[in-house]
Every structure is written in structure tokens, then in C-alpha cells.
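J.: Residue-level listing of the chains:
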Amino acid sequence: MNKFVLPGEVVAQGSYRGWSNLLRIGNNYIALFVGEVEQAGLRLRLIRYSGPYMPKAGDRVIGMVTDIQPLSLTIDINSYVDGYIMANSIFRRRIDASKVDLSKVANIGDLVLAKVQLTERGKDVLLVPERNWKISGDATVTISPAKASYMLRQKDGLLQRLRKHVRDLLVGANGVIVIRGEGEGLERVKAALNAINMAKGLTDIDKVVKEVLEVG
Amino acid sequence: MVELMVEGKRTDGRGPYDLRPLKLDVGIVKNAAGSAYIEHGKNKIIAAIYGPRDIHRYGLTVERATIRCRYHMSPFSTDERKAPQPSRREIEISKVIRDALEPSLLLENFPKTSIDIFIEVLQADGGSRSASITAASVALADAGIPMRDLVQAVAVGKVNGTLVVDLSDIEDKEGEADLPVAFMLNENKITLLQMDGKMTVEEFKTAINMAKEAAAKIKEMQKQALVSKYFGQGGQTR
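Sequence lines, in order, name chains A and B. Note that this note's numbering gives residue 4 to position 20 of the first sequence, counting from 1, and the numbers run on in steps of one. Note that this note's numbering gives residue 88 to position 85 of the second sequence, counting from 1, and the numbers run on in steps of one.
The hints are simulated quantities; they were obtained by calculation from the structure and are not laboratory data. Backbone N, C-alpha and C fix where the C-beta goes; we use that ideal spot for every residue, glycine too. Certain hints may be false.
[What the hints assert, rightly or not] Listed next, the in silico EDC-like pairs over lysine to aspartate or glutamate satisfying Cα-Cα at most 16 Å (straight line):
| id | chain 1 | residue 1 | chain 2 | residue 2 |
| --- | --- | --- | --- | --- |
| 1 | A | Lys107 | B | Glu66 |
| 2 | A | Lys184 | B | Asp28 |
| 3 | A | Lys107 | B | Glu111 |
| 4 | A | Lys(-13) | A | Glu22 |
| 5 | B | Lys215 | B | Glu190 |
| 6 | A | Lys118 | A | Asp152 |
| 7 | B | Lys98 | B | Asp119 |
| 8 | B | Lys85 | B | Glu123 |
| 9 | B | Lys45 | B | Asp175 |
| 10 | B | Lys45 | B | Glu123 |
| 11 | A | Lys107 | B | Asp57 |
| 12 | A | Lys40 | A | Glu104 |
[To be verified] Chain A residues, not near chain B, derived (Cβ > 10 Å throughout):
| id | residue |
| --- | --- |
| 13 | Val112 |
| 14 | Glu114 |
| 15 | Gly167 |
| 16 | Ala179 |
Build the full structure now, drawing on both the sequences and the hints.
T.: Here you go:
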């Protein structure tokens, strides 16, 4: 069972091969966030319960176009850094700057689905658009990135349970969720997502979703 | 001289080592990344954290996040109306609070950004800077800013020749000395040390130890508040 920790607590002592969201001082591993600690062999991981979205390569995120440059789109990815999509990754070929007009393929406010390709400290995040990168939905909900990443990690079908009530549900690792559906199902899923956002920690999420979907 | 100690008891009935009643709530400001509300004695203070967020301003540190702190006393927080514009004292306390919290934070993770700490004193009593530090540290943890330890602060003072912890307003004003101290207890570090008045070296050493004991109690309250928000009432950390 994972252990709950608060910032400053000594999570473990000894020598581990890998650790994340922890600070090593001598032989002590110190928690940097509120969360729970998962141990697998010689690896330690603190699963954060709060905090901003910290992009990492491979994450699938949902963002909004906020600016159109001659050769790139600036994307708000619900983080402290912006993301950008290069024109050549949209057209999937080399681009002649004089012949490209990105305002013909995207507008400010469009929602996009993309994968984080490169993060560099202090710089914007390079994104690569998915094949169907421009997305739309009937509702967009933003939840805590920590909770979104918990939903994506769950193997027991938390997402499947929500998807039963709508046509589709896209979850970005950055906490942005796009719902496609209508009527009562849509309202139930929105209520469930809001309840997830309000839930204490991560351990209550399954219970909260069950309650909202059954009662709702 | 005002009589502040009578038969070992202070004006509010506390003993020299007793803290005033303390209550902490986490996550009370919905729009903030993290927040906390503290009632410490008659102090009522809200701390709210915004960011990290992108800033483009000349002169800001690019290698790490810049902490901006605003301590503000509401016009209705004192007996007589306080002018709403920031006073010299408020500007100084804002800086002091920022300096007390900064050593606990890992700001290198967020280069070229700012983390804003807003502290609003709704009702003021003695020790509002200490209470603000305690609340702001919890709010930073709530906002998910990486931190090495929670910071807690308390003032120790001298009244009628006796050292006492957690000064009330009258003890602060009429006492012989006031020593606000902030700690990162896990690392045994002091992040704030100010002194007003006079103490002997021995008194100073004793005062630091008294402050440390009081900070340990405050830290338990901070932990309880976070546990209550994130793990429920029955939540237990290691």
C-alpha cells in the first residue's frame, strides 16, 4: 500500500536507483509535495496530489491555440510554459515559409490534441500534433493535472465507466478533458469530473465517481 | 510600566510557554493555485498562491522562479481604519515573509516564472507576520510548489522580565523585547530572525529554544490541516 506524505517528510532511507518528486539529502529521500509514495524495487515515486502541470516527453495533452506565428502555433497547455507546434509537423513535410499560411489551418481558440516531444528547462514545450489534431467537443472541463494523470493510469476502467455515458471522452495529461455527448449523460460526466476535482486526494476518486454516476 | 505578568500568568491567562488558539484551513480560495486561512489568537489571515506563471519583465531572475509577496492589512483589520495603500511596514513585512519562505522552495524547477503570494490580514493581533508565514507555507504546499520543508514562525518576547512565546498585541507593544523566528525544523534551520528590544545572550538562547518548541506544535497543526484536506479526517501520514 502506498504511503501518504507531506512536504519535508523523510520518505525512505538508503540507496535507490531512481526517484521522482523527491529530494535526496545524504541517505534520506525527502518528499517535495503532498502525495503518496509508490515503491517498486529500488525505485521510489511520489505521486503528487496538487501542483501545476509539468510537461514531460511522451505526454498527450489537450491545448488551445493562443497565437498564430508564420511557422508555428502557440498553444496554452494549462502549464507555466506554453507549447508550440511547428508548421512542418502539421503538414508532415518540409515547409516553404513564403507559401504557408497557418491561419488557414487553425484559428485562435481551436482545441488541439498533441504529444509533448521535447521539454527544455525555461523554454516553451515542443509539441507534435496527433493525426486528428484539431478536436472539438460538447464540453471542456479542466481538472487538477495530478488527478488527470491518476485517471489515465487507472487500469480498472475509471475512464471506461465515464465513457459509457457519452460518445467520447479525451483526457489530456495536463488536466484538460474534452467530452463529446449530449443530454443527461453529458451532465452526469461533467458532474463526475467536477466531483473528481473536488475530491480529497486521489484515493476517493473511484468512490466519488461511482456515487455521482449512480445517483446522478 | 504595564503589568503584563501576574503570578506567572499573562493578560489573557496563558502561561509563558502557551500558544494562543490556532486554527488552519487549506484550500479556501477557489481561484488560487493554493490557499490557507489561519486564525491565530485574534489574527485572521488569508494566504493565496498564484502561479507559477509566465512573466516577461526586465530584471527578473531567469534561472528560477521569482517570488513576489504582498502582505496587506485590510482597512478594517485594526481598531482604527488603516489606509488601504501599502504602508512602509507592510512593504517591509512582505519582503521579510518572502525571504523566510524562499529557502524552503525549489524554485529552479520553474525558470522565468513568478509565484505570487498574497496575504490579506482581515483582523490583526500581535504576531501577524509569524501567522502569515505559517499560513503561506501551507498554501504553497497546497499549490504544489516543491518544498524541502514546511516553514512555521512564532515570536518570543520578554514581558516584565519573563520570556514568553507567541506574543499578543499588548505584549508586542508594551513588552521589553520581541523576537520573531521562522524555522524549517527538519533541516534545523532558521529562515527568519528579527529582534526588537534587548535580551541577554542567555535569554536569547532560551528564547530560540522556546520558539523551536512552539514551532514544532505549529508544524503539527500545519500537517493536520493538509492531511484533513488531502487524505480526509482519518488520513495518516507516515
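J.: Each hint needs a verdict: does it hold in this structure or not?
T.: Do the hints match the structure? See the list:
Restraint check for Lys107 (chain A) and Glu66 (chain B): satisfied, since their Cα atoms lie roughly 11 Å apart, inside the 16 Å limit. At most 16 Å may separate the alpha-carbon atoms for a hinted pair to count; Lys184 (chain A) and Asp28 (chain B) meet this at roughly 14 Å. Among the hinted pairs, Lys107 (chain A) with Glu111 (chain B) is consistent with the structure: their alpha-carbon atoms are about 13 Å apart, no more than 16 Å. Taking the CA atoms of Lys(-13) (chain A) and Glu22 (chain A), the gap is about 7 Å. The hint holds against a cut of 16 Å.
For a cut-off of 16 Å, the pair hint linking Lys215 (chain B) to Glu190 (chain B) stands: about 12 Å separates their Cα positions. Taking the CA atoms of Lys118 (chain A) and Asp152 (chain A), the gap is near 15 Å; set against the 16 Å cutoff, the hint holds. Between Lys98 (chain B) and Asp119 (chain B) the CA atoms are separated by roughly 12 Å; this keeps the pair inside 16 Å, and the hint holds. At most 16 Å may separate the alpha-carbon atoms for a hinted pair to count; Lys85 (chain B) and Glu123 (chain B) meet this at roughly 13 Å.
The suggested pairing of Lys45 (chain B) with Asp175 (chain B) holds, with an alpha-carbon distance near 13 Å, which does not exceed 16 Å. A distance of roughly 14 Å separates the Cα atoms of Lys45 (chain B) and Glu123 (chain B); the hinted pair therefore holds under the 16 Å criterion. For a cut-off of 16 Å, the pair hint linking Lys107 (chain A) to Asp57 (chain B) stands: about 11 Å separates their Cα positions. A distance of roughly 9 Å separates the Cα atoms of Lys40 (chain A) and Glu104 (chain A); the hinted pair therefore holds under the 16 Å criterion.
Every CB of chain B lies more than 10 Å from the CB of Val112 (chain A), the least distance being 22 Å, so the non-interface label holds. No beta-carbon of chain B comes within 10 Å of the beta-carbon of Glu114 (chain A); the shortest separation is about 25 Å. Against chain B, the non-interface label of Gly167 (chain A) holds: every CB pair exceeds 10 Å, the least being about 28 Å. Every C-beta of chain B lies more than 10 Å from that of Ala179 (chain A), the closest at about 15 Å, which supports listing it as non-interface.
Comparing the model with each numbered hint stated earlier shows that all of them hold.
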